[in-house]
Amino acid sequence: MFYLWRAVAGKPVESRQEGQMAIANRVETVVGSKEDAGSKIMRHAGLLSGQLQQLRTRMYPPKSEKTLRPFLTNEVSKLTSIPDSTLKLMSTEGRGPVPSRLENNHRVYTLAQINELRELFAMQKPADALRFLPRRRAGEHLQVLAIANFKGGSAKTTTCVHLAHYLALHGYRVLALDLDPQASLSALFGAQPEVDVGSNETIYAALRYDDAERRPIREIIRKTYFDGIDLIPGNLEVMEYEHETPRILANKSSSGAIFFERLKLALSEVEADYDIVILDTPPSLGFLTLSAIYAATSMIITVHPAMLDVASMSQFLLMMGDLISVLNESGAQLDQDFIRYLVTRHDTNDAPQSQVVAMLRHLFGSDVLLPTAIESTAVEAAGLAKRSVYELELGQIGRDTHKRAREAVDAVNEAIVRLVNDSWGRT
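Under UniProt numbering, residues 1 to 427 are what the sequence shown spells out, in order.
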C-alpha cells in the first residue's frame with residue numbers, strides 16, 4: 001500500500017489522480033476472473049479517491065483557496081478588548097489598519113488587521129500588553145498540547161481545529177501538527193491529503209531515520225489561510241514511521257535519537273516561533289502517539305459519554321500507563337503541566353450520557369473539564385463545509401443555534417487557555 005502510495009504521491013495533482021485511477025483500472029482487469037480481498041480494497045480505494053477529487057474540484061476549483069471571513073467591529077472589540085467606539089474613531093482619523101466596507105457600509109477587519117491592532121495597542125500600553133497580545137513572554141515555555149484517545153469518533157480533530165482557531169483569534173501563535181494518517185485536520189485547513197501533500201511533506205520527513213532524506217521541520221511547515229496558524233499536514237506517509245521504527249529498534253541500526261525523542265527535538269527547532277503547538281494524534285497507541293505524549297507538555301483526552309467509548313478509554317489509559325512506564329525505564333522523563341478529560345459530542349438532554357458524565361466527574365474530579373463540547377447541528381454543519389463554528393457567518397445557520405454552539409465551544413477553549421496560562425505562571 002505504501003509503495004503504491006509513493007508511486008503517485010510525488011506527482012502533480014492531475015497525474016496523481018490519473019495514477020490512482022490507473023491502479024483501480026489495472027486491478028479491475030482481474031475482476032472478471034477472481035478478485036482477492038487486497039485487489040478489491042485497492043480498486044475501491046482508487047475509485048473513491050478519484051470521485052472525492054472530482055467532488056473537491058467542483059466545491060473548490062483548482063485556483064481557489066480557503067479564505068477566512070472578515071470580522072465586524074463589534075466582533076473585533078470582543079476579541080481584542082478594544083472598545084468599539086475607539087475602533088470607529090481610529091478609522092475616522094485614519095489611524096491603524098484601514099477596514100473594508102461591506103455593502104451595508106459596516107466596517108470589517110481581516111484577522112491580520114486585528115493582529116496589527118493588537119500589536120499597536122500592546123506597544124502603546126505596555127503595562128497592559130498581555131491583555132491585548134497574550135503571546136508567551138521570556139521564561140514561558142512552549143506549550144505542546146496533545147489531543148488524544150484510542151477510539152475514533154471522540155471528536156479529537158474537531159477539538160483540535162476549534163482550539164487552534166480560538167487561540168489564533170485571540171492573538172496566539174499556533175502550530176497545528178497532523179499526526180493522523182487520515183489527515184482530517186489537514187483537510188480542514190485546506191490541505192487535501194491525497195492531492196496537496198506530496199512525498200516527504202509530512203512530519204515523517206522530520207522524523208525519519210535516513211539522514212539523507214530527513215528534512216528540517218521548518219521546511220515542512222506551511223502557512224494557512226488563518227492568520228496566526230501554521231500547519232504540518234498529514235497523509236498516509238506518516239504510517240511509514242510506524243513500520244520503520246520496529247525495524248530500526250530490532251536492528252539497532254540508527255545512531256541518532258531514539259524514536260520517542262525525535263518529535264520533541266524537531267519541535268525545539270521552531271520553539272521561538274510559536275506559543276502553542278497542537279498535536280492531533282492517531283486513534284491508536286503506536287510510535288507516533290508515544291512520540292506525541294513524550295513531546296507534549298500537556299494533554300487533553302477526549303471522550304464521548306457512552307459506555308462503549310468509556311470502556312475503550314479505560315483500555316487506552318491502561319495501555320498508555322504501561323507504555324509510559326516502559327518509556328520511563330528507558331530514561332524518558334515525562335513532565336506534563338496538566339492532563340484533562342474533555343467530554344465531547346455531549347447531548348445534555350440524554351439521561352444515560354448525563355449518568356456517564358457524572359460517573360467520570362466522581363472518579364476523576366476536577367481532571368474532567370467542567371465545560372463540555374455539546375452535540376450541535378452548528379458544529380455538524382460547519383464540519384460538512386470543512387469549517388469550524390468560528391468560520392460560520394450569520395445567516396448560514398439559525399442565530400440561536402449558532403450562538404449556543406459558539407458559547408459552548410468558547411467555554412471549552414477558555415478553560416484550556418486558563419490551564420495554559422496557569423502553566424506559564426500568569427494570574
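Worth flagging that the hints you see were computed from the coordinates, not collected in a lab.
Glycine included, C-beta positions come from ideal geometry on N, C-alpha and C.
Some hints could be false.
DEER-style ranges, computed between Cβ atoms [claimed, not checked]:
#, residue 1, residue 2, range
1, D322, N251, 50 to 60 Å
2, D322, E242, 12 to 22 Å
3, S85, L334, 46 to 56 Å
4, D335, K403, 32 to 42 Å
5, T86, R399, 19 to 29 Å
6, A351, G152, 20 to 30 Å
7, L363, L265, 28 to 38 Å
8, L317, L89, 31 to 41 Å
9, E93, A257, 18 to 28 Å
Cut-off 25 Å, straight-line C-alpha distance, at most; resulting in silico cross-link-like pairs (DSS-like, lysine-lysine) [said to hold, decoys possible]:
#, residue 1, residue 2
10, K66, K403
11, K403, K78
12, K125, K78
13, K252, K264
14, K386, K223
15, K66, K386
16, K386, K403
17, K88, K78
18, K264, K223
19, K125, K88
20, K151, K386
21, K223, K66
Query raised in the report: So the hint says 18 to 28 Å: do the beta-carbon atoms of E93 and A257 match that?
Result: Taking Cβ atoms as reference, E93 and A257 lie about 55 Å apart, which means the hint is violated.
Exercise for the section: Starting from K88, check that the Cα of K78 is at most 25 Å away, please. Expected result: holds (14 Å)
| query | Between L363 and L265, does the C-beta distance stay in 28 to 38 Å? | reply | Holds, at about 36 Å.
Does the Cβ-Cβ separation between L317 and L89 fall within 31 to 41 Å? violated (54 Å)
Distance restraint hint 20 to 30 Å, applied to the beta-carbon atoms of A351 and G152
Distance hint for A351, G152 holds at roughly 25 Å.
Are K151 and K386 close enough, with their CA atoms no more than 25 Å apart?
Holds - the C-alpha atoms of K386 and K151 are around 22 Å apart, at most 25 Å.
Agreement of K386 and K403 with the hint, judged by alpha carbon distance not exceeding 25 Å: Since the Cα atoms of K386 and K403 sit roughly 19 Å apart, the hinted pair holds (cutoff 25 Å).
Satisfaction of hint between K66 and K223, Cα-Cα up to 25 Å
Between K223 and K66 the Cα gap is close to 12 Å, so the pair holds against 25 Å.
Proposed proximity, K88 with K125 (alpha carbon, max 25 Å) = Holds: K125 and K88 sit about 19 Å apart, inside 25 Å.
- Query: Under the criterion that the straight-line Cα-Cα distance not exceed 25 Å, is the pair K386, K223 satisfied?
  - Reply: Given that 25 Å is the threshold and the Cα spacing comes to 18 Å, the pair holds.
Would you mind confirming whether the straight-line C-alpha gap from K125 to K78 stays at or under 25 Å? Cα-Cα ~18 Å, so holds.
Determine whether the Cβ-Cβ distance between S85 and L334 falls within the hinted range of 46 to 56 Å.
Since S85 and L334 have Cβ atoms about 49 Å apart, the given range 46 to 56 Å holds.
The structure is inconsistent with the numbered hints 1, 8 and 9, although it conforms to all the rest.
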